[in-house]
Amino acid sequence: MKKQRLLIRTVILLLLGAAVAYTLYANFTKDEVQKVEVGKKAPDFVLTDLKGEKHQLSDYEGEGVLLNFWATWCKPCEKEMPFLNNQYQAYKDQGVHVIAVNVGESNVAVSDFSKRYDLQFPIVTDKDSQVMTAYGVDPLPITFLIDKQGNVVEIHTGQIVAEADVTEMMEKIKP
Amino acid sequence: MNQVKCDCGHVNPHGTILCEACGKIIEDGTQITAEPVIDMRYEGSARRSQTYNKSMIDKVWNFFSSVKVGVWLIIVTLIASSLGTILPQEMYIPTIMPVAEYYEDQYGWFGRLYYDLGFHNLYSSWWYLLLIAAIGVSLVICSLDRVVPLYRALKKQRVIRHESFLQRQRIYGITTGSVSDQSYELVKEQLKKKRYNIREDNGNVLAEKGRFSRWGPYVNHVGLIIFLIGSMLRFVPGMYIDEILWVREGETKVIPETDGQYYLKNVDFKLEVYDKETDNEAFGDALDNAGMVAKNYQSDVILYKTKGNTVAGDEPELEEVESSSIRVNQPLKFEKFALYQVNYKLDELFKMSFLLTNKSTGETFGDITINLNDPEKLYELDNDYSVELMSYFPDFEFGEDGNPTTKSRVPNNPAFVFKMYSPEKPEGEVSFVAIQQTIEPLGDNEYKMAFNGIETKDVTGLTVRKDLTLWIIGFGGLIFMIGVVQGAYWNHRRIWIQRKGDEVWVAAHTNKNWFGLKKEIQLVLAGTEIKEPMDQMKENQVDEGEKD
Numbered sequence: 000m001k002k003q004r005l006l007i008r009t010v011i012l013l014l015l016g017a018a019v020a021y022t023l024y025a026n027f028t029k030d031e032v033q034k035v036e037v038g039k040k041a042p043d044f045v046l047t048d049l050k051g052e053k054h055q056l057s058d059y060e061g062e063g064v065l066l067n068f069w070a071t072w073c074k075p076c077e078k079e080m081p082f083l084n085n086q087y088q089a090y091k092d093q094g095v096h097v098i099a100v101n102v103g104e105s106n107v108a109v110s111d112f113s114k115r116y117d118l119q120f121p122i123v124t125d126k127d128s129q130v131m132t133a134y135g136v137d138p139l140p141i142t143f144l145i146d147k148q149g150n151v152v153e154i155h156t157g158q159i160v161a162e163a164d165v166t167e168m169m170e171k172i173k174p
Numbered sequence: 000m001n002q003v004k005c006d007c008g009h010v011n012p013h014g015t016i017l018c019e020a021c022g023k024i025i026e027d028g029t030q031i032t033a034e035p036v037i038d039m040r041y042e043g044s045a046r047r048s049q050t051y052n053k054s055m056i057d058k059v060w061n062f063f064s065s066v067k068v069g070v071w072l073i074i075v076t077l078i079a080s081s082l083g084t085i086l087p088q089e090m091y092i093p094t095i096m097p098v099a100e101y102y103e104d105q106y107g108w109f110g111r112l113y114y115d116l117g118f119h120n121l122y123s124s125w126w127y128l129l130l131i132a133a134i135g136v137s138l139v140i141c142s143l144d145r146v147v148p149l150y151r152a153l154k155k156q157r158v159i160r161h162e163s164f165l166q167r168q169r170i171y172g173i174t175t176g177s178v179s180d181q182s183y184e185l186v187k188e189q190l191k192k193k194r195y196n197i198r199e200d201n202g203n204v205l206a207e208k209g210r211f212s213r214w215g216p217y218v219n220h221v222g223l224i225i226f227l228i229g230s231m232l233r234f235v236p237g238m239y240i241d242e243i244l245w246v247r248e249g250e251t252k253v254i255p256e257t258d259g260q261y262y263l264k265n266v267d268f269k270l271e272v273y274d275k276e277t278d279n280e281a282f283g284d285a286l287d288n289a290g291m292v293a294k295n296y297q298s299d300v301i302l303y304k305t306k307g308n309t310v311a312g313d314e315p316e317l318e319e320v321e322s323s324s325i326r327v328n329q330p331l332k333f334e335k336f337a338l339y340q341v342n343y344k345l346d347e348l349f350k351m352s353f354l355l356t357n358k359s360t361g362e363t364f365g366d367i368t369i370n371l372n373d374p375e376k377l378y379e380l381d382n383d384y385s386v387e388l389m390s391y392f393p394d395f396e397f398g399e400d401g402n403p404t405t406k407s408r409v410p411n412n413p414a415f416v417f418k419m420y421s422p423e424k425p426e427g428e429v430s431f432v433a434i435q436q437t438i439e440p441l442g443d444n445e446y447k448m449a450f451n452g453i454e455t456k457d458v459t460g461l462t463v464r465k466d467l468t469l470w471i472i473g474f475g476g477l478i479f480m481i482g483v484v485q486g487a488y489w490n491h492r493r494i495w496i497q498r499k500g501d502e503v504w505v506a507a508h509t510n511k512n513w514f515g516l517k518k519e520i521q522l523v524l525a526g527t528e529i530k531e532p533m534d535q536m537k538e539n540q541v542d543e544g545e546k547d
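Protein sequences, first through last, are from chains A and B. Be aware that the first sequence starts at 0, since it is given in numbering that gives the first Met the number 0, and climbs by one per residue. Be aware that the second sequence starts at 0, since it is given in numbering that gives the first Met the number 0, and climbs by one per residue.
The shape of chain A in the complex, shown without the other chains (with noise of 0.2 Å):
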C-alpha cells in the first residue's frame, strides 16, 4: 500500500517533471530552429548571377560549397567579403566554391558592391526571398559549409573574424 503510493506518487511527478523540462527545452530552442541541420542535405536552389548564369546547388556535388548569405548594408558581411574573396581564389583550383547569396537587392547596388571589393565568385541575387525562406536565414551573415555529397557540415552564424578561419572552412570542405 505504502509502497504503491510511492511508485503513484515518483510516477506523476515524473510526468510533471517531464512535461515542464520539454516545454522549457522548447521554449529555448525555438529560436535557434534551423529549416537546415549540420548532417543533412542542403536544400537545392538555382539562382542567377549577375552575370546572367545560372547556380543550382545540386550541379556542384562533388565539390565544396561555401554558401553565404549578405546584404550590402550589413557591415559585418562587408567585412567578411575580403577573406571570403582570397580564400576563393586560393582554393578554387582544389574544389571548393564559395556561392554569395545577395538577399535580394538591385542589380546596381550589388555589382556597385562587388566591384569596390573585385569580389571574384560568383555573387546570386535571392530577388524573392526564396532561398532564405529555405534555409531559414534570419540574422545575416550566415554561412553554410556544404561538403561534396552535398551535406550541411557546419553553420556559422555571425561574422567570420578571421582570415584563417575561412581557410579552416575551406580545409573542411575540400574533397
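If you're looking for bench data, these hints aren't it; they were derived computationally from the structure. Here the structure is a predicted model, which is why all the values come from computation and not from measurement. Possibly wrong hints are sitting among the right ones.
Unchecked claim - Here are the simulated PhoX-like pairs of lysine-lysine, each with C-alpha atoms no more than 20 Å apart in a straight line:
| hint | chain 1 | residue 1 | chain 2 | residue 2 |
| --- | --- | --- | --- | --- |
| 1 | A | K126 | B | K264 |
| 2 | B | K53 | A | K1 |
| 3 | A | K1 | B | K58 |
Based on these hints, arrange chain B on the given structure of chain A.
Using the frame of chain A, we list chain B on its own:
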C-alpha cells in the same frame, strides 16, 4: 500507525478526522472536539499530503499539495506578470538600435535595470515558465490529493451515523415522543418529490442529492490542465506558426512555413475611410472631431499553389487556387493556414523619374524613370544623351566613414549617383542625388537630374497563422466552464433522519446555500410530528460554505 479502526468497525486511512463510514470523530485533537460544529471540509477525510512525509518524493508531493503554496504561486505569478507590463516587451520595441541601448535611451537607469533583470522578455523567461509550470503541478497534485479521499468518503458513507457526527452538524434537532410510521412514509415521499436519493437502514434514512456538484472544482481543474497542455503544445515545432508577410502591390511572394508550396500575389491594398458626404450623416460631427476614421483595410490577393517540385529560387510554375479579399478579422484560409490583415504601409516609393536638364538654359533632354526595387544600369536618351546609374542607395544615410550607405533594401530614402553623358561632356558628369539634396562632388556640372515625380505602391502586412492547439485550448476552456457550472449551480445536500429509541434525530448538511436547505427541510417535514431542526450557527455568522 497506518490505519485507524473506528468503533463502528470501519478501517480508515491514517489522518482521518471523521470516520468515512459513520462520521465519528477519530482524531482526538482538542481543537476539533471543542468546536460546536464540525468542519465538514473534504468530509473529514485524510488528505494524503498530511500523512506521509518521509522520502524526498513525499516531501515534494506535500509541498505541491498545499493550497497555501498554490495560492502563493498564483500571487507571485500575478505580480511577475504585472511587472512585464511596466515597459514594453522586447518584441514590441522598434529595431532601430540594440535592445539594451534602447531601454536605457528611452527609460534611463530604470530601463537599464529592467533590461538587466531580463524583464524585457519576461513572458518567455525560464523562471516565468517555471512559475506557470509550478502552478500546473500544484493544480494536479492538490486535486488528486483531495478528490480521491473525498470520493472514498462519500462512497463509503453509511446511512447510520455516529451520534457525535449528527450532534455536530450545523442543522440538527431532536424530536421526542412517538413518530408514526405514516409520518415516516410521508417524509420519504416528500423527499422523493424533492428528488432526493433515499437510502434506508433499519428505519433510518439518508436522503442525498446533488453529490456531483462536489466534483465541480476538480472538473474545473482538469479543464485548466488541458488548457495548460494546449499552450505547452505551442512550443512543439509545427503546431503553432505566427509569421509576418509583407507584399507590395503587384508582387508575388512565397508564403513562409509552407515549404514553398504556396505563393501570394497582392493585387491591390485599400484603406477606406469614413466620408461625411457618402456615409450616414449622423457621423458628421464625430468625423469632424476625430478627423480620419478608417472604415476598411483590405488586401485583394490571389493565392497560388506550385505545380510539381520546384527548386528554391527557380521560377515556380504557379496554379491559381483562389482570389480573395482579406479584411480585418476576415482572413484567407487554406489548409491549416490563415492569412490575417494586420499591417500596411501606404505609398512606398516605387518609381522615381528625373529630367536631364541643362542648368543654365533650363532645356531638358528627356526623362528617365527608375524602378526603385530594380533599377537599370544605363538609361539611354535621344541625341547622344544618356544617364548611367553608378551607385544606388535605397535607404540612404551617411555611414561612419562619411560615405553614403544604405540601411536596408527598402526604398525609404533613395539616393543615386548619376553619371550624365551629353555631347558637350562625353566623358560624363557625376552628380549625387538624394531627396531634396544634390551634391556635385567633382566640381560644377553643366547638367543636372531634375526631379520629375514619383510613383508609389501600397504594401500590405499580413500575419501567417497556423494554430493546431486552438481546439485543445478551447476544449480546456469548455471543461473549465462545465466545472464552474457544476459546482456553482448545484448544491450537495444531505439529510439524516435517525431513530434513537423514542427520539428522532434530524441533521442536515449542504456545501452551500444553507437557507435553501432549511426551506427544503421545512417542506419535507411539513405535516409530520417531526420537529424542524435548528441552525446551530449564530445568526450573524457569515455563510461561508465549504471551500474545496
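Practice prompt. Would you check the hint for K53(B) and K1(A), treating anything up to 20 Å between C-alpha atoms as holding?
Written response: Given that 20 Å is the threshold and the Cα spacing comes to 11 Å, the pair holds.
Worksheet item: Does the structure keep K1(A) and K58(B) at a Cα separation of 20 Å or less?
Response: This hinted pair holds, its Cα atoms lying about 15 Å apart.
Worksheet item: Are K126(A) and K264(B) close enough, with their CA atoms no more than 20 Å apart?
Response: holds (15 Å)
Violation of the numbered hints given earlier is absent; every hint is satisfied by the structure.
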